[in-house]
Amino acid sequence: MSGNEAIARGVYEAGVRFAAAYPGTPSTEIMEQFARYDGVYAEWAPNEKVAVEVAIGAALGGAKALAVMKHVGVNVAADPIFTVSYTGIEGALVIISADDPSMHSSQNEQDNRNYAKFAKIPMLEPSDPQEAKEYVKLAFAISEQFDTPVFLRTTTRVSHSKSVVTLSEPRVPEDKTALAHHAAKYVMVPINARIRRVEVEKRQKALQKFAETFPENKMEINDPAVGIITAGMPYNYAKDVFPDYSYLKLGMVYPLPVKMIRHFASRVKKIYVIEELDPYLEEQIRALGIEVTGKEIFPYTNEFDPGIIRSAIHADKPAAASTYPETLAQRPPNLCPGCPHRGLFYALKKSKAYVHGDIGCYTLSYLKPLEGLHSCICMGASIGMAHGMSKALKEKGKGKVVGVIGDSTFLHSGITPLMNMAYNNSDALIIILDNSTTAMTGMQEHPGTGYTLMGKEAKKVNLNILISALGIENIRVIDPNNVKEARSAIKDELASSGPSVIIAQSPCVLFKRANQKSKPPLKVDPDACEGCRSCLELNCPPIAWKKGVTKKGSKRKGIAVIDETLCNGCGLCAQVCRFGAIS
Amino acid sequence: MKEDRVKSILFAGVGGQGIIRASDILCEVMMEAGYDVKKSEVHGMAQRGGCVTSHVRYGRKVYSPLAEPGTVETLVSFEKMEALRYLKDLSPNASIILNTEQINPPAVNTGDADYPLDIIEYLKMHYPQVMAIEALLLAQRAGNLKAANVVLLGALSSLMDIPHAIWESVIRKSFPQKLVKLNLEAFQMGIPA
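Sequence lines, in order, name chains E and Y.
The numbering used here puts the first residue of the first sequence at 114, with every later residue one more than the last.
The numbering used here puts the first residue of the second sequence at 31, with every later residue one more than the last.
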């Protein structure tokens, strides 16, 4: 089982039947798996803040509720999280933060253990799938016992690694839901919040005491010469290379078991703190006056592996046999053959506009030769940034500032900034890349798809009506696979004054429900090809350059060729070929 | 038969080659054979034509799902050039199973980079055992190009001491009924005569 499958199983075994989330790598599979269990309610919320609020509401109604998100999703949800820490909950509430050290599919590698300390919420951190399943159950138990939300933090390697997991008999869920009014506890006006603030500190003390005897904070005294304090996946890397050292493995990373740490320190000679990203444990342990070695030898950046730990502590790495002397060409991820974003970004590049990007597959258009984006910060940012740049540049930016955003991302956090563009009369152009799904994370439903996570038909947001209700008057729907249409729409809307929105509508090429049949692959006529390389500008995987195929009376130095096994026949290259050589 | 020592197998290739599926099958096989098994790969952007790797580690008790660089005993490379990318992970005595399929990276497609020409020779010069296999051709003979990953598992099985019956039963469980025969044939084709 993967860590994510194990978490879903653990949640089910704990008797929890309520969960809300927004998809995000490496967290997505938790909800997809959980939704498959009998008798559960699971929903995709439009964003992480809503997911947490939905889970809080359920918990206040006495339910045991789960909210799931990737690390940056916690930023979006931070507002309710910091205050539900004050109020506590009636039922139970666990929030899963799936962090992504090394940024395998993320824009930053923030260490969300800091959120636990910041929001004063206990946090558990499993090191493998078996622990992930057990810890999520413990998290619910702690939530119930201490009337607190609880974080469970995973990292990509825990979520996406697989190992043998022993299942337990699921608990039969008890229905404790009820309408219970405790306004003084849940209405966070200052007079109540000040009282709850004190309760938080009392809870902190109780949790600190609890941490001292929490069975998942484990001491393994072996060789007393070296003691390693660690948590999560790095424990496994360290055990792999240094099986004989002593260990303090923390299953609960907030609050820390202070007495236990002191006790461990008294039993070993030299202490290493091994943790990815921030010196989170290290700083707290140093603050206890305990001397440790940490970030002076271990990296701050990227995930670890056993080799990093060995070479930080000793220099005796196993020698690799060889390294190939030449530099190997990279394989950056690319838009799929037939992807509807390709035509749009090709057209957009011709407009020479400054393009603010957003989070989704279309970020891949950044790479050469498409070079479709000039900025990308976070979910929903493209719209506000395009507006801000356009306002600051005034005449200089007229007709030159664009924001692009996917349909799922737009519904996540693009509506408010678009309303702002209408309200403050922006001049920027926003293009919504509507591929009818959340493609990047693997085809999740959202309020614009017409289906729920549980597979039921649902109300479908009408983007046109929504956008016009926000006050945008220039709205145009185009087919991005038609380059000519896309180019002329972009040209017109950039020239028009006031805010404009183009909805580029075409389903993701991998989206099964859209029932798209791929057309026969295209071919390049080697006699007609002039070797101008226009088609190569599309960066379509099947199109390659064959050097040295010359032609009498032509300056060409080679021709384009199409790999039939990869081509899906979308015909975009035929549209950009000026010599009619592709058909 | 349990060995104390943890062994590592690395699968490498390009998104879409069935690498994750093959490593899942290997994990099932090792579990059936009584080992503790862990595996790790990174999902996400890799499936869009990028590099894909999957580490499989087995033994009596496995801690890390990732192998330490320089310790991988067996590399199964689903694409010819990709083998070169992970040499730092291999032990000097590593065995290499190499699918001879060539998938050009974008820079090679645009003519901005060259595809190495001496891959097999280079690997044979530096490693004691290199099995070059035309997995696509063999899979086609078995009836479907997509079974190339199972052909490579067949080749891998020849380097491992796992009873054939375990491989067969796991393959039977891993595919829908109508694809079982094809995949069992593909597996056989990968085993050197």
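For the record, the hints were derived by calculation from the structure and aren't laboratory data.
Keep in mind that the hints are not guaranteed to be accurate.
Said to hold, decoys possible - Think about it this way: if two alpha-carbon atoms lie no more than 27 Å apart in a straight line, the pair counts; the simulated BS3-like pairs of lysine-lysine are:
{"id": "1", "chain 1": "E", "residue 1": "Lys-660", "chain 2": "Y", "residue 2": "Lys-110"}
{"id": "2", "chain 1": "Y", "residue 1": "Lys-91", "chain 2": "E", "residue 2": "Lys-625"}
{"id": "3", "chain 1": "Y", "residue 1": "Lys-176", "chain 2": "E", "residue 2": "Lys-408"}
{"id": "4", "chain 1": "E", "residue 1": "Lys-636", "chain 2": "Y", "residue 2": "Lys-91"}
{"id": "5", "chain 1": "E", "residue 1": "Lys-659", "chain 2": "Y", "residue 2": "Lys-203"}
{"id": "6", "chain 1": "E", "residue 1": "Lys-331", "chain 2": "E", "residue 2": "Lys-372"}
{"id": "7", "chain 1": "Y", "residue 1": "Lys-91", "chain 2": "E", "residue 2": "Lys-331"}
{"id": "8", "chain 1": "E", "residue 1": "Lys-632", "chain 2": "Y", "residue 2": "Lys-118"}
{"id": "9", "chain 1": "E", "residue 1": "Lys-630", "chain 2": "Y", "residue 2": "Lys-110"}
{"id": "10", "chain 1": "Y", "residue 1": "Lys-110", "chain 2": "E", "residue 2": "Lys-625"}
As the list claims (entries may be wrong) - Computed beta-carbon distance windows for the label pairs:
{"id": "11", "chain 1": "Y", "residue 1": "Gln-218", "chain 2": "E", "residue 2": "Gly-170", "range": "53 to 61 Å"}
{"id": "12", "chain 1": "Y", "residue 1": "Leu-167", "chain 2": "E", "residue 2": "Lys-383", "range": "55 to 63 Å"}
{"id": "13", "chain 1": "Y", "residue 1": "Gln-218", "chain 2": "E", "residue 2": "His-427", "range": "41 to 49 Å"}
{"id": "14", "chain 1": "E", "residue 1": "Phe-195", "chain 2": "Y", "residue 2": "Gln-132", "range": "38 to 46 Å"}
{"id": "15", "chain 1": "Y", "residue 1": "Lys-208", "chain 2": "E", "residue 2": "Leu-292", "range": "31 to 39 Å"}
{"id": "16", "chain 1": "E", "residue 1": "Asp-260", "chain 2": "Y", "residue 2": "Gln-207", "range": "48 to 56 Å"}
Since this is a predicted model, take the numbers as computed values, not measurements.
Don't be surprised by glycine CBs; every beta carbon is placed ideally from N, CA and C.
Hints not upheld, ascending by number: 2, 3, 4, 5, 8, 9, 10, 14, 15
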